[in-house]
Amino acid sequence: LGRGGRVSVPRRRGVSWGPAVTACRAAGSGEEGDMGALGVVASAIGSSARILVGSAVAVALLVRRDAAALGWVLGALLNAVLAKVLKRLINQSRPEGARSDDPGMPSSHAQSLFFLASFLAAAAQFWEPLPSPLLPTYTAGHSAGIAVLLLAYAWLASAWRVGAGYHTAPQVLVGGVVGSLTGMLWFFACRSHIWN
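Letter 59 of the sequence shown, counting from 1, is numbered 211 in our numbering, and no numbers are missing.
Careful, some of the hints might be misleading.
[Stated by the list, open to error] For lysine to aspartate or glutamate, the following EDC-like pairs were computed, each having C-alpha atoms within a straight-line distance of at most 16 Å:
hint	residue 1	residue 2
1	LYS239	ASP218
2	LYS236	ASP254
3	LYS236	ASP253
4	LYS239	ASP253
Hints in this document: simulated from the structure, not taken from any laboratory.
Quick caveat: nothing in here was measured; it's all calculated off a predicted structure.
Working from the sequences, and respecting the hints, build out all of it.
What follows is the structure, encoded as structure tokens:
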């Protein structure tokens, strides 16, 4: 353990994780001097993911109360079950020094974040809001911007999990790929059965 009881993740020789994961490493180590602006942002995003996802699900169910919101939440729950089943089947341990001792492959956080982000990014491409004199006209550029922001958030929050020592990069990568695929498949299944 590093200073302050936080997990310290050793840097592997010959492996470059890129500036975002390096900043996430600094954020996860608790070493104030290394963090920089990107590290502070990465730490805030990574540590807020659980709260943000839970809040988004609650708001979707409370505000929308329709088949689309229920389909999104049901898909997220099924995706979470899939992540737990895959963890037990693969049974790959987390990095040495991780705070949790359950299997780490795939990262269920990454899988959930990418499921939700890819589902919502796909939905944004087909969304047609009601015209309003108070809001600008919704365009394909808005849809693309929403998709980029959602996927960037999922990527940065997942990279933070590596930097904080909860997972290895391959565990997060597999979680992200599985979550993205299930999110897209679930969206198109819902779109053909719920919205049409």
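Structure-based check of each hint:
The straight-line distance between the Cα atoms of LYS239 and ASP218 is roughly 32 Å, outside the 16 Å bound, and the hint therefore fails. Taking the CA atoms of LYS236 and ASP254, the gap is about 10 Å. The hint holds against a cut of 16 Å. The straight-line distance between the Cα atoms of LYS236 and ASP253 is roughly 14 Å, inside the 16 Å bound, and the hint therefore holds. The hinted pair formed by LYS239 and ASP253 meets the criterion: a straight-line CA distance of about 12 Å does not exceed 16 Å.
In summary, the structure is inconsistent with hint 1 from the numbered list given earlier, while agreeing with all the others.
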